[in-house]
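Asks: Heads up: the sequence lines are chains D and Z, in that order.
Residue numbers for the first sequence follow my numbering, so the first one is 48 and each next one is one higher.
Residue numbers for the second sequence follow my numbering, so the first one is 4 and each next one is one higher.
Quick caveat, the hints were computed from the structure, so don't treat them as lab data.
Cβ atoms here follow ideal geometry from the backbone N, Cα and C, with glycine treated the same way.
Check the hints yourself; a few may be wrong.
Unchecked claim - Below are the PhoX-like pairs computed for lysine-lysine, each with C-alpha atoms no more than 20 Å apart in a straight line:
| id | chain 1 | residue 1 | chain 2 | residue 2 |
| --- | --- | --- | --- | --- |
| 1 | Z | 119 | D | 180 |
| 2 | D | 105 | D | 115 |
| 3 | D | 105 | D | 120 |
| 4 | D | 110 | D | 120 |
| 5 | D | 124 | D | 180 |
| 6 | D | 177 | Z | 66 |
To be verified - Here are some chain Z residues the structure puts well away from chain D; computed CB gaps all over 12 Å:
| id | residue |
| --- | --- |
| 7 | 5 |
| 8 | 6 |
| 9 | 8 |
| 10 | 9 |
| 11 | 46 |
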Amino acid sequence: MRMSRYIFVGILLGFILYKSEAVSWFRIYEMFRFQSFHMFGIIGSAIVSGIIIVYLIKRKHMKNVEGKEITIKDKAKTYPRYLIGGFIFGMGWALAGACPAPMFILLGAGNTVFIVYLIAAMTGTFIYGKLRKRLPH
Amino acid sequence: MIETYFNQFRDFVAQPWPWYVAGPLLALVMFVLLYFGHEFGISENFRLMCAADGADNMNEFFKIDWRSGEWNLLVALGAVFGGYLASHYFLGPQGDVAHISDATVNSLNAINIGVKANEVPLIPEFISWKGLLTWQGLLMIGGGGLMVGFGARYAGGCTSGHAISGLSALQLPSLVAVIGFFMGGLLITYLVIPYLF
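Only chain Z is shown next, with the shape it has when bound in the complex:
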């Protein structure tokens, strides 16, 4: 009996979540953190991890008590658990599939990324340890990570801190940051990615 209910719950959660479920739930995450006395911002964890690894003795930017950010590190740790649980126990009937549009499948095929409609994996094969051994993979994973880390701290936040928290609080600086995110993303998508494959 309980098992049936559990299976029904699992099947319900395992469906792909539409945008109108995901978006308001992200706002709920922001609200819960505000209620607990904190502001939603995942990229701050990179700074906390630097400080915890000893950078606090090398540079004043990292002279922060990383323990005061323990709550945020725990959110990041929870996200790791969440990713594990969602991918191991709550996969949809089609498995790890990204339900991207036919237009995107065509665009990808046009730049030599071979994917078939309805069979697009969540993570492409070039984002892997094997992909990392090519200069393109190194640029995407290592270079991408470097720019994300540098840019997020320079801009004072990432997608969670600016696009969600900042815009929710009608912060003009966050709008400027989000415009910057899109300008950078469009440049790479149109002028760089087509030449990597």
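Next up, chain D with everything else stripped away, as it sits in the complex:
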């Protein structure tokens, strides 16, 4: 039962991205054409709220549910992987009009073709795992 809380977090995530239309291919196209503030507003206000939350967590030494202080791991500071990987991710995002969370949400909404996207994304992840040692990071 303790694990069921994560399902509720996921349901909330589903409502947020579905009801704000962030799952829409058209919204992603609009964002990359800079023709509306909507998507920038969602991501921007999430970041601003997030910065405040993380600042307060650190300042108050807030503890998690297990009583341990909340820490956020620093990302490794090597840049090629973020730029190249990010670039490839961005291309896929613009083509499919959906990043990973919207894919799960749209599957639930009945857009079953996203099964193909899911299998393709798992394949892409697998190919990365195979090539990882030969790629610049």
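Start from chain D and add chain Z according to the hints.
Replies: Only chain Z this time, still in chain D's reference frame:
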């Protein structure tokens, strides 16, 4: 009586959510997961699913105990439920409509994607099983998925892990990743999508 309250609640939730509601709620999702001892990152699920499907025996990158990521798989499962509930019981009065700007409607019409203002569906008709039978649809759905899966793991995160969690924690690598997301997205939007239709 209770039914009236429920209907009012449903109508309230069913409105399109503005950005200033969605954004802070996404930060709340990140906070709740931190409170539960985890970092928000949806694309990690692709790796967990690979590991669970047997890739852990084929490659060391997948030698992870996917059960330790059970929480994340449950978030993804919850997102599936959330999508079902939102789309079946909380549709707005106009239905499944994306309220995109007139400028976007004009741009879409200019590249032969026929949409009418105020009647733009959430998901275009070419993102469908029928669309998948064309090379363009296969490129968008299959190719897009492949690049998302590969790129997210190469970059160590997707929109949730880098744009939201990473930037909230003022991580410079995440800023580089997000710049990469936009460079890739702009390239496809301006140089590829116009030639697919």
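Asks: All hints are to be evaluated individually against the structure, with a verdict given for each.
Replies: Evaluation of the provided hints:
1. 119(Z) x 180(D): Roughly 48 Å between the alpha carbons, so the hint for residue 119(Z) and residue 180(D) is violated.
2. 105(D) x 115(D): Judged against 20 Å, a Cα distance of about 13 Å means the pair holds.
3. 105(D) x 120(D): OK: residue 105(D) and residue 120(D) at ~12 Å, within 20 Å.
4. 110(D) x 120(D): holds, 15 Å
5. 124(D) x 180(D): holds, 18 Å
6. 177(D) x 66(Z): holds, 12 Å
7. 5: Its Cβ never comes within 12 Å of chain D, the nearest being 21 Å, so this holds.
8. 6: holds, 21 Å
9. 8: Consistent with the label, residue 8(Z) stays out of reach of chain D, its closest Cβ about 19 Å off (over 12 Å).
10. 9: At about 16 Å from chain D, residue 9(Z) clears the 12 Å cut-off, so the statement holds.
11. 46: violated, 4 Å
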